[in-house]
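Novice: We have chain A; now place chain B onto it with these hints.
Number of protein chains: 2
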Amino acid sequence: MRIHIASCRTIFCHRMVVAAIIVCGVFGLLVALFFARSVRAIPLGEGAASPDEAKRIEEVTGAIAEGAMAFIAREYRTLALFMLIFGFLIWMAVDNGLYTMLSFITGAACSMLAGFIGMRIATIGNGRTAAAARVSLDRAFSIAFRSGAVMGFGLTGIAIVGLVLVYLGLDALLPNIERHLLMEILSGFALGGSSVALFGRVGGGIYTKAADVGADLVGKVEAGIPEDDPRNPAVIADNVGDNVGDIAGMGADLFGSVTESTCAALVIGASAFHMVPEHMKDGALLYPILINALGILGSFVALFFARPKSEDKIEGALKTVLIVATIVMAIVLYPVTMSLLPTTFTLEGSTRLYTNAGVYWSVFVGLVSGMLVGIVTEYYTAHRYRTVRSVAEASQTGAATNIIYGLALGYNSAVVPMLLLALTVVVGISLAGMYGIAVGALGMLSTIAVGLTIDAYGPVSDNAGGIAEMSHMGSDIRARTDALDAAGNTTAAIGKGFAIGSAALTSLALTSAFLTRAKISPETLGLTTPPVLAGLLIGAALPFAFSAMTMRAVGKAAFDMIAEVRRQFREIPGLLEGKARADYRRCVDISTQASLRQMIAPGLLVILTPLVVGYLFGVHTLAGVLIGALVCGVMMATSMANSGAAWDNAKKYIEKGNYGGKGSDAHKAAVVGDTVGDPFKDTSGPSLNILIKLMAIISLVFVPFFVKYGGVLVK
Amino acid sequence: MRIHIASCRTIFCHRMVVAAIIVCGVFGLLVALFFARSVRAIPLGEGAASPDEAKRIEEVTGAIAEGAMAFIAREYRTLALFMLIFGFLIWMAVDNGLYTMLSFITGAACSMLAGFIGMRIATIGNGRTAAAARVSLDRAFSIAFRSGAVMGFGLTGIAIVGLVLVYLGLDALLPNIERHLLMEILSGFALGGSSVALFGRVGGGIYTKAADVGADLVGKVEAGIPEDDPRNPAVIADNVGDNVGDIAGMGADLFGSVTESTCAALVIGASAFHMVPEHMKDGALLYPILINALGILGSFVALFFARPKSEDKIEGALKTVLIVATIVMAIVLYPVTMSLLPTTFTLEGSTRLYTNAGVYWSVFVGLVSGMLVGIVTEYYTAHRYRTVRSVAEASQTGAATNIIYGLALGYNSAVVPMLLLALTVVVGISLAGMYGIAVGALGMLSTIAVGLTIDAYGPVSDNAGGIAEMSHMGSDIRARTDALDAAGNTTAAIGKGFAIGSAALTSLALTSAFLTRAKISPETLGLTTPPVLAGLLIGAALPFAFSAMTMRAVGKAAFDMIAEVRRQFREIPGLLEGKARADYRRCVDISTQASLRQMIAPGLLVILTPLVVGYLFGVHTLAGVLIGALVCGVMMATSMANSGAAWDNAKKYIEKGNYGGKGSDAHKAAVVGDTVGDPFKDTSGPSLNILIKLMAIISLVFVPFFVKYGGVLVK
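Sequence order for the protein chains is A and B.
Heads up, the first sequence is in this note's numbering, so the first residue is 3 and it goes up one at a time.
Heads up, the second sequence is in this note's numbering, so the first residue is 3 and it goes up one at a time.
Chain A on its own, in the form it takes in the complex:
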């Protein structure tokens, strides 16, 4: 019997696990390709009322696509330069620097490719969704949803296939290297992905809000023209911003999370499993990647539940998809975990025995916590509940009370997610040590393909609405795209909560891997020892400094945009009367330049802090900094994202006719909250994800350097 069980388990040998991962990854790519083809196959004007309307749609869609590609091109050029410099630094500073640099560049390239594909399909799907809205809501939903799925499955597929190919490549190039060193080199891949996320989230976040605020302040307030009006020169930049920030930025952020938490698990696992029987070793080692890979299958199954029965069921249908994926994964992962992992194992620097069941429950808690974070986020940000309604109600006594209640709501909304995070961490560490945190993060991220799908669905619908407006398709069509968009707003908020939660777990996982590699056992990282406590205090200050930077960056970039829009209104004759065409391209250009310039300061803060702290004060202080930034950063990011979403939806609730409706004093007060919320929810809040993750992955990759040369001031 014993032999039988053992042979049952040996079928999960190294090659079979690798093959399974590759098959799942390629399957993800095929799903993406299938959906991409199906969207592209639809002629752009299909459904339009007249050839004229089709032409207008084509024009607007073209301008947005062009602007988006212009931004991507510019951003990627800057990124290439950054990669060169940072790659060189890695090469010089780290043991096995050359290989780490190669991993780094491959990771960055994969993330860039994923972002590019996402943006490309979004700018293809948006116009088609708008045109299809004339045919039926169902058809429009289907196109937007399929566009989102291209992003979700494509990105996950690229991440998994990329990771495993780099792993195999390194294995071939360095056949005799120890596993944990190999995994350390592989972490460069995650660092590459995360660096792209810095540009995508922070740069993209600044872009989208600078364009939005600039377009609103001059267009709506000064010139008195409605939102998405084609006479506004910044209107294309505003629509480009949705793709840049919410598609490419969000994608890069989650690409980073997936690869980072996988690498963290791989690094810890490589130290963990060296006592495992030889025939199981490699299979167990690659278990973290397999979680992601199976997630693609689970997500695919869930896709079949995306069938909204009517207009007000869209949001429910999207939530069902997420819940189904969670349940499927919870079931599938149990036998896989139990058979692939050894019954008992130990971790480096610890004498405790952990079990494979412990690992499963760590994954499970992460998976369920992710879903619960989504549900809590919805409770605080959808105007169906009294939470958002109390903000709308407070708008009656003015903008100040609207702001106070919105801020208080945000503060409150972060408490339960933080407790869920604490629960995941405690269960993870208790049942599987540091490895438990890492697989908890992977559990939360295992439904990412479908998570990203419903997330990317939002901006596509949002853009479709803009295109409908700019192509003068009429208010009935706009109402349909608005229905799609409204659901997208809520799923976007859920997506953000999910992104923050997973970023926090990812960062903790990376910190755990960093501690493992720096050979600091958790028991000796004394909270009240001077280096750790000082690190914790400094780290806690970082999210505040960083948020102040990103908030002001939006302000500065918006001022550039405002100046340009004013110039065009002044200098282009007939523009306001609708007789001349605005110079959209120039606005796109200004947004692009301003956002890339304004992200330098916060970017440097993120990159230099771990390097400087590690070099000057050593790994203990650095660990304190990482955790200090994490605890404050998670609370701030969650509350900012939720305050922003709540202000947005409080305004929408008033616009539906409550408390005086559109144009009332309450509405004016709510608009103030909404404008404050814009940089909160789309720039500063999500950028904090990057702060906490990127600092942690840099610390992990540079750990050999810090161990050798770090702590010059405290030696």
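Misleading hints may appear alongside valid ones.
As the list makes no split between identical chains, a pair holds if one copy fits it or if it spans any two.
[Stated by the list, open to error] List time: in silico DSS-like cross-link candidates among lysine-lysine, alpha-carbon distance up to 30 angstroms:
#1 K654 to K670
#2 K558 to K658
#3 K581 to K521
#4 K558 to K222
These are calculated hints, taken from the structure and not from any lab test.
These numbers were taken from a predicted model, which means no experiment stands behind them.
Specialist: Chain B in isolation, oriented as in the chain A frame:
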């Protein structure tokens, strides 16, 4: 020679130290008594233009005094009930519970007495300052300043004399008890003081802003009557609020800080000095109280520098006082520390040797950091600098940009104070272990007598302005009181920064004492062990939950007030025409009731969290909670206080005629920021001090209970 040095040192024997402390403490009380008599000796109407004006001043002053006393009476009744319940809990749960309970009640009584004296003199000085403003600015300044000094010196004197008498009493009652147990019992005194601070800061903070917001929203916005207009029924409550929140609340907060950090140092010292030569032991033990006692002398010397040459020099004169006190203390403490403390000593659970010079430098860094925190705070909150001016500038594009820039300013302003805190902590721990943190806090607090003086000066001037307005003294007199008040605004911001910084250090000192008593050595409090990390995450969520509660509490209490003011305008005929008198007392009553009711929820959060966490999860998790709450709490408190002050001063800057001046769109936008800032700077921000300190002192007092019965869920 050796013997000679030893005998030199023996002169600082136990009795001499006790005598020195009592002499200094009584001296402080005499200074307070002297100033109180000098203010009272001035007839209330002195300086008034006519007997009629004198009568009006008398009336208004009487109403404010009556309201303030009504609040105090009600608050103290509620407090008495609370003390009874909590005292009983202490008696039952803690070893030596009876004595601890007695300490607790004495501490509370001392704090109540200090708060009562401060409010009494403030309500005596305000009217006299207003009347004296007719004579000269100099005379008015002198009265307001002397009123403040009564608070500063009286409170410090009561704290020191109270502490030392309880110490002597316990020593007499329990002659054979070990020193560290005695100090543990003595900590009940600090818990008593801190419990009063909960009511003073949180309840008082809600009171003052509910009255302010209520008075403004109905009076200024709905009825269109100016601020401080006697027709507004809430106007007396608003003025009472300044005394309740800024005098009694601030006083209780700092009474708590002084006694808490002293007790923390005493507890740690009692464990530290058991290896010290017998003849030095008791002297060394009482060193922490001596720092406070000497601070009274240093503060007294600094008083002589409070001589403003002209109207715009008031702020400078007040700052000079603080700087002089800092320098005097830095000089005085050196010989005292070196001769009173043993050359070398060790701490419990540590093998390191620390020196008396190390203790001095710990005190020194705390002292200087306190001053620097003040200077940084001024930079971020005075409209002389571009920081506040950029917020005023952003008001031009509307309320939203005003809010965004104000929030960003607050976030930024907290970074340097946090780094100073980190520096103080690192220097303290490195040079004198846990004892170093505690004496660092004492260093920062040693100038408290003079700090409170210039702090209490502010609300007295503010009230004087209100009285001048309500007594129709004319705009020239109002301009003079405004000049006094403007300086008071900046010193209030400095005072808040100082209160937060010292609260953070106090809380860390208490946590250190708690760890010492729980026998957790800092090296074993592993940051990434499940209990500690979970505690840290939960702790980080608390300041957010607490702030959300206090912000909404202000909103709810303000709504009660709004309803009452509307009722009076409706039901009292001739009120708006100035023919009938408003029912001020009813508004005072409503504010009092509402604030005490609304503080129940946040109060319970503060008190129950350490008790529940310690009981369920044990001391390690509790330590994590304390430090998690601390790191997030300090950042939030500082940024809230400074955002609030900056919004206030940005509005004042615009009112001086910049960016369109009073009544412009920029001004309207700035008013929104100012209103958001009110609960930020006067309720939620300062209340966080209480959150972090009270949780820590409760943990310290209940440590025997937790050690015996705690951690039921993790055993």
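Novice: Look at each hint and say if it fits the structure.
Specialist: The hints, checked one at a time:
Proximity of K654 and K670 under a CA criterion of 30 angstroms is satisfied in both settings, with 12 angstroms inside one chain copy and 24 angstroms between copies. For the homomeric pair K558 and K658, the shortest alpha-carbon distance between copies (26 angstroms) is at most 30 angstroms, but the shortest distance inside one copy (33 angstroms) is not. Taking the closest pair of Cα atoms, K581 and K521 never come within 30 angstroms of each other, the shortest separation being 69 angstroms inside a single copy and 80 angstroms across copies. Taking CA atoms no more than 30 angstroms apart as the test, K558 paired with K222 passes inside one copy only; the shortest distance there is 19 angstroms, against 34 angstroms between copies.
Comparing the model with each numbered hint stated earlier shows that hint 3 is the single one that does not hold.
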